[in-house]
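Can you build the whole structure from these sequences, using the hints too?
Taking the numbering used here, the leading residue of the sequence shown gets 6, the next gets one more, and so forth.
Think of the hints as simulated: they come from the structure by calculation, not from any bench.
Keep in mind that the hints are not guaranteed to be accurate.
[Said to hold, decoys possible] Computed Cβ-Cβ distance ranges for the label pairs, DEER-style:
no., residue 1, residue 2, range
1, Ala34, Val181, 32 to 42 Å
2, Arg145, Met6, 37 to 47 Å
3, Trp66, Asp210, 25 to 35 Å
Keep in mind it's a predicted model, so treat the numbers as computed, not measured.
Every residue, glycine too, gets a C-beta built ideally from N, C-alpha and C.
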Amino acid sequence: MRGRFLVLEGPDGCGKSTQAGRLVARLAAAGRRPLHLREPGTTPVGERLRGLLLDPGRERWDPRTEALLFFAARSELLRAVVAPALAEGRDVVCERFTPSTLAYQGQTPELEAFVLALDALVVPPELQPDRVIVLDLAAREALGRAGDRSAADGFEARGTAFQERVRNGYRRYAEVRADHTLLIPVAGLDPDQVEQRIAAGLGLDPEAEA
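Below, the structure written as structure tokens:
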């Protein structure tokens with residue numbers, strides 16, 4: 006049986022990494038042999054591109070240039086890691102995928118169309134995510150959390166207005182693709198509560214031990 010491709014999304018500081026780790030632990034306890042990935046990254050190519058894209062000292066590039074680099078990393082990740090894992094029946098939990106590129110690099114109709122065209126070229130239908138979980142958090146609170154965690158990367162440093170557009174991009178994605186997207190507002194929730202909502206949304210036992 007093919008594994009499930011599950012994607013955790015949301016702005017920097019929303020708790021994606023925490024919840025991805027908890028979801029992986031829960032799936033492992035259920036015997037699903039999950040694989041935990043991050044985008045861009047995981048593969049050698051992806052990690053090198055991650056260093057370029059997230060470098061806080063780099064000049065600001067055209068969003069199309071950024072999108073092309075993200076999809077280069079994505080193509081390698083799908084070929085080298087995701088497709089083989091799913092074929093083996095393993096669940097794949099990935100932090101970020103095409104929804105992030107839409108939210109960050111697709112902030113105008115023209116740029117959105119560019120990102121969607123790249124997605125159609127790079128991601129075959131059988132490797133599209135089965136479920137996308139979007140953790141929704143206001144930009145100011147998300148940036149505050151991210152700032153408490155570490156130094157800002159090149160995208161976090163773009164400020165509140167940019168991050169609010171990112172948030173709106175995620176919310177629009179969740180609305181347009183409601184058939185496979187779970188939107189979870191996380192303001193005021195502790196990590197345990199968020200975990201329970203994700204588990205319920207994925208049809209996992211909310212009371213199961215992770």
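Numbers of the earlier hints that this structure fails to satisfy, in rising order: 3
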